[in-house]
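Following the hints, complete the assembly by docking chain D onto the known chain H.
The listed protein sequences derive, respectively, from chains H and D.
With our numbering as the guide, the letters of the first sequence map in order to residues 1 to 162.
With our numbering as the guide, the letters of the second sequence map in order to residues 1001 to 1285.
Bear in mind the hints are in silico, worked out from the structure with no lab data behind them.
Any given hint could be a false lead.
[Stated by the list, open to error] Label-pair restraints from in silico Cβ distances:
| id | chain 1 | residue 1 | chain 2 | residue 2 | range |
| --- | --- | --- | --- | --- | --- |
| 1 | H | Glu62 | D | Leu1242 | 18 to 28 Å |
| 2 | D | Glu1234 | H | Asn94 | 50 to 60 Å |
| 3 | D | Gly1207 | H | Gln107 | 50 to 60 Å |
| 4 | D | Tyr1267 | H | Gly9 | 43 to 53 Å |
| 5 | D | Asp1150 | H | Val122 | 31 to 41 Å |
| 6 | D | Ala1088 | H | Gln51 | 25 to 35 Å |
| 7 | D | Gly1207 | H | Asp161 | 35 to 45 Å |
Quick caveat: nothing in here was measured; it's all calculated off a predicted structure.
For every residue, glycine included, the Cβ atom is placed at its ideal position computed from N, Cα and C.
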Amino acid sequence: MKPVRQPAGRLPVSMSVNGRPVELTVDARRLLVDVLREDLGLTGTHIGCEQGSCGACTVLVEGRPVRSCIMLGVQADGCDVTTVEGITPEDGLNPMQQAFREHHGLQCGFCTPGFLTTLAGVTADEYPDEESVRELLSGNLCRCTGYEGIVDAVMAAWGRDR
Amino acid sequence: MKPPPFKYARPESLDEVLGILSEYGDKARVLAGGQSLIPLLNFRLARPAVLVDIVLVTELRRLVVERGMLRVGAAVTQNAVERSSEVARFCPLLKKALPFVGHLQNRMRGTVAGSIAHADPAAEMPAVALALGATMVVRSATGVRQIPADRFFLGPFTTALAQDEILMEVRFPASKKTRAAVAEVAPRSGDFAIAGVAGELVTTRAGKVRDVSLALFGVGGSPQRLGEVEARLEGQRVTGDLLDQVAALTRRTARADSEDVHADAAYRARVSGELVRRALVEMTR
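So that you can see chain H by itself, here it is in the shape it has in the complex:
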């Protein structure tokens, strides 16, 4: 991350997105989610509430889940960013995605990328029981499933009975 000594309205940003180096110049006010969706065409990351509540825009920055609708593109300068595209294999689905499919962890799918990136940014041993899994998932809203299928999917993917 480079220092910016004089306040500027447009700034160069270089980051790694899904393992690919990216250099672009963005408005200071450009949200990270819009850099990803509009400038880089990575539309798997969704915009829901645009105020940091719903979790649909969750991406990984330096491997940890953050809300890209309340982070500026310029704040990601020098960072590793991973979107849902980056955690999806070329062919088929990763094990968590497969579990979501098998356990009805989604209906309309709008919130799903946020759930998947949140889960990709944590380790199972940080969330040892169902209660802590539900606590973790409280940062992502789903208006379809009632969450039961999502919790089932996570427990199954992490090799637990429910």
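Just chain D, lined up with the frame of chain H:
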């Protein structure tokens, strides 16, 4: 919506940060984790000309225990504090309260100092600062001030910080109190609390309460210490009768003036009595 246009700077030194703040005055805002400020920009409730990002300022990234104080720099994230073993040892209440702050994704970027400077009436960190008797270390281009928590929070989203000042560091006294609890009611886990209490105490070997401190949040425009309740508890064994008395005293003495779509002020006063009861039960179990 999207943020209105602004200019952005990311200096490496505190002097440069303070220089920009004194040059732009009330048109500049400090950006740390952005978890409160960027939503305000998205809503266009804030329209600063300049954001000064403090992420690269080394001296604001310190998290240390020094001379009996836990010192949390302005750029230290809530997640880093939550995961620190020193915080767990020296400031159990702070450790206990952090999981209530937003969600994991917010705490990855949000800072303890940012939450305190933002002074949302429903936020946990200001109440923790008040309960623990924290000191805010505040800098401007012209000097340093230390402001105790009980003189820092002036009202909803209003603190003693001047326009050209930055909250540089929050100092929490390393606590000898072994029991801490946070109890709150919120629509969902991680949502802003309708009402809550943060507290800590020690019990004597005989099981009596010593050095209890309790602070409410969400109930009024600022966090509030429950002085009369604390005095009533001091030296007492916590019994069912005492809990009833203390809950009633809390309902009577809480300054409840927050009202919103979730609850009126009367509910907030009523529930704060119950929350104090729950916190005390947890701390004396």
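The hints, checked one at a time:
1. Glu62(H) to Leu1242(D): 18 to 28 Å: violated, 49 Å
2. Glu1234(D) to Asn94(H): 50 to 60 Å: holds, 56 Å
3. Gly1207(D) to Gln107(H): 50 to 60 Å: holds, 53 Å
4. Tyr1267(D) to Gly9(H): 43 to 53 Å: holds, 46 Å
5. Asp1150(D) to Val122(H): 31 to 41 Å: holds, 38 Å
6. Ala1088(D) to Gln51(H): 25 to 35 Å: holds, 31 Å
7. Gly1207(D) to Asp161(H): 35 to 45 Å: holds, 41 Å
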